[in-house]
Amino acid sequence: MLLALILLPAITGAAAFFIPSTAFRRALLVCVASAHAAMTGLAWRLDPAPALSGWLMMDDAGLLFLSITSGLFLAASVYALGYLARESKDEMTDLEEHFLFRNAPEAGFIGCLLLFLAAMTLVTVSRHFGLLWIAVEATTLVSAPLIYFHRHHRSLEATWKYLLICSVGIALALLGNFFLGVSAVSIDGGRASLVIDELLPRARSLNPAWLKAAFALMLVGYGTKMGLAPLHTWLPDAHSESPSLVSALLSGALLNCAFLGVVRIQQVCNAGGQGAFSQKALLTLGLLSVAVAAVFLVGQTDFKRLLAYSSVEHMGLLAIGFGLGQAGVFGAFFHAVNHSLVKAMLFLLAGNVLSCYGTKSIAQVRGLLRSSPGTGALWVAGFLAITGTPPFGLFFSKFIILKAAFDQGQLFVGVVLLVLLAVIFIAMATACLGMAQGSAESSAARVTGPCHWLTLVPSATLAAVALALGIGIPESLNHLLSMAARTIGGVL
Amino acid sequence: MKLDWILVLLVLGNLRLLASTRLGAKIRTVAAQGVLLGLVPLLAGMHAPGLRAAFVAVVGMTLKGVVFPWLLFRAVRETRISRDVQPYVGYSASVLIGVIGLAAMFLLSERLAPFPAGASSLLVTAALFSVFTGLFLIVSRKRAINQVLGFLVLENGVYLFGAGVMSETSLLVEVGILLDVFVAVFVMGIALFHINREFDHIETDRLSSLKN
Chain L
670 MLLALILLPA ITGAAAFFIP STAFRRALLV CVASAHAAMT GLAWRLDPAP ALSGWLMMDD
730 AGLLFLSITS GLFLAASVYA LGYLARESKD EMTDLEEHFL FRNAPEAGFI GCLLLFLAAM
790 TLVTVSRHFG LLWIAVEATT LVSAPLIYFH RHHRSLEATW KYLLICSVGI ALALLGNFFL
850 GVSAVSIDGG RASLVIDELL PRARSLNPAW LKAAFALMLV GYGTKMGLAP LHTWLPDAHS
910 ESPSLVSALL SGALLNCAFL GVVRIQQVCN AGGQGAFSQK ALLTLGLLSV AVAAVFLVGQ
970 TDFKRLLAYS SVEHMGLLAI GFGLGQAGVF GAFFHAVNHS LVKAMLFLLA GNVLSCYGTK
1030 SIAQVRGLLR SSPGTGALWV AGFLAITGTP PFGLFFSKFI ILKAAFDQGQ LFVGVVLLVL
1090 LAVIFIAMAT ACLGMAQGSA ESSAARVTGP CHWLTLVPSA TLAAVALALG IGIPESLNHL
1150 LSMAARTIGG VL
Chain F
45 MKLDWILVLL VLGNLRLLAS TRLGAKIRTV AAQGVLLGLV PLLAGMHAPG LRAAFVAVVG
105 MTLKGVVFPW LLFRAVRETR ISRDVQPYVG YSASVLIGVI GLAAMFLLSE RLAPFPAGAS
165 SLLVTAALFS VFTGLFLIVS RKRAINQVLG FLVLENGVYL FGAGVMSETS LLVEVGILLD
225 VFVAVFVMGI ALFHINREFD HIETDRLSSL KN
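In order, the protein sequence lines correspond to chains L and F. Quick note, the first sequence lines up with residues 670 to 1161 if you use the numbering used here. Quick note, the second sequence lines up with residues 45 to 256 if you use the numbering used here.
One thing to keep in mind: the hints can contain errors.
[As the list claims (entries may be wrong)] Covered, in the sense of this in silico footprint (three residues per stretch, anywhere, with C-beta under 8 angstroms from a C-beta of chain L), are these stretches of chain F:
1) 150 to 159
2) 182 to 193
3) 197 to 208
4) 223 to 230
[Said to hold, decoys possible] One-sided and incomplete, this derived list gives chain F residues near chain L with beta-carbon spacing under 10 angstroms:
5) 52
6) 172
7) 254
Rather than coming from a laboratory, the hints here were simulated on the basis of the structure. All C-beta atoms in this analysis are idealised placements derived from N, C-alpha and C, irrespective of residue type, glycine included.
Based on the sequences and whatever the hints tell you, model everything.
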């Protein structure tokens, strides 16, 4: 079943490059996304058997991130139907600089989307550090063409930065993998196994100096991909220039997958008695990320970049949750779920706003609630959710992380975090509420009518789920989160 | 002993990369380093190299010594450039920084001891110095092709460490890593081609319209 989860999108993705019929290709995308989501749902009930001699295995954290990825991919693929119908003209006019450009061939786009899903699935089920690395690097390579869907100079610049910065980061993570292997052989001359389940029982015998170096390199490597400051510089560019459904997947699914790399090595560090060191590093990078995000969110003029910097903030919060340990770990996992749902929804809505108003400038978008009520209402709901206003789930996950900080006597972390979150709330409120209110006539941009219903359904569904998670966590999810947190050494 | 000579050549190659202005010479240097690296897994292990090590060595040498240089030379030909533009950090300053970096890596690798059996302090130093050189080339040079070269040097350093120290990684992982690097260079090559067509030059300092 694990192999099927990976091979289904991989094979259909490769096939999609050669399918000439547009309608069939789009149908295939949605069918594969649905089948993948159904299989993932099934994995909650039956425990999938390990494959490839234990290299592929589904653990609780993996299942959690796989479910997020699969669910978001389904939402994005439904959105893609409406999006691609709109984008399938031969020549497109750039909305900002008004030159003509072409889109990349749609067959390649859909093919890469499916391969992207396959690579992310492989990340979530890898139990071997080398395989995990291969999978994370593969996600970079297949998602680069997705960012370069609109063929013009800005998206090319974004793609180049993404490709280079992430590849370099990931290369350092590979060095970290080798360091980890050395830490295993250097003392007792044992086998240099990189399988997590073989490393954990003998984690105490790992050489601490090499283990620490391995953690630092992997944190830098996977942290680059995850968008932790100061290595986040590719993130706002890639998110603002790629098609909105790709931004949604990058932010909601890919960043989590990279985070899973950090989670795995953190697990080994905790088991090896180096938890204090790794937690301090995570806490520092996390706080720095939230601070950098706050600086760039204040006065941000582009609403897709606004959402991208908000992702930096939330990745910082995940790192802080892990840095605090104990209840913070549970909070971070729950936060990952909530953030993915809400951020994907917001990016999809941003795509609607972009197509209605023809601009990414926050100042030029006015009267969203009047010109397209569906998008406008969801946009306001999304803003409330992402800034952690009750009763959305993000309120509770942020609350758990903050409470963990104060409970552990980390007053400095808690207070700084509270101040930064308040600044971010004000910055986001100024931008998002300004876009929603006013009259559409007062906006500087030409406004076309409301959006296609197909582009609204995914966002509305995601919003409903995010709201439901705030009202009550289902018992099965609560169990999964607690189990996942326990394996990393956190208890609620 | 043979291994030590290879390591010395690799370090000298890195210094040459820092000093060189001609793209062709740089590509050839990286290719030569790739071939030398292919020999490392054959010499590093404590036992005679098996079939598996030979296979990885051949694949690695073909990719790094033949395929990558060919892709890069094609990119250079298509863009009709052969000389570098003035870098952010001058060439003699680059070499000086390289030498300081080398000394720093010697100190660092002393601190990382104990090494596993079979790995020498020189090997760790050479690997870390390649990583350092690669990173430095990426940040200090302007032409996009230099950044691909820098990435390759960095990757070579990581590979050297892996091949020299971890003689027992599995085939799947090694081939997977090589495949990933191959696709990365391939995709970067395509991106280079598009950058060239779009901007009529490949200097990354012009890639700066996305800010804030």
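Each hint tested on the structure:
Only when three residues or more bring their CB closer than 8 angstroms to a CB of chain L does the claim for the segment 150 to 159 of chain F stand; here the count is 4, and the claim holds. With 3 residues carrying a beta carbon less than 8 angstroms from a beta carbon of chain L, the segment 182 to 193 of chain F meets the three-residue requirement, and the given coverage holds. Coverage of the segment 197 to 208 of chain F by chain L holds. Counting CB-CB distances below 8 angstroms, 6 residues qualify, and the rule asks for three or more. Coverage of the segment 223 to 230 of chain F by chain L holds. Counting CB-CB distances below 8 angstroms, 4 residues qualify, and the rule asks for three or more.
Hint status for residue 52 of chain F relative to chain L: violated, with the closest Cβ pair at about 21 angstroms, above 10 angstroms. A cut of 10 angstroms between beta carbons decides the hint on residue 172 of chain F: the least distance to chain L is about 9 angstroms, and the hint holds. The interface hint given for residue 254 of chain F is met, as the beta carbon of that residue sits about 4 angstroms from the closest beta carbon of chain L, less than 10 angstroms.
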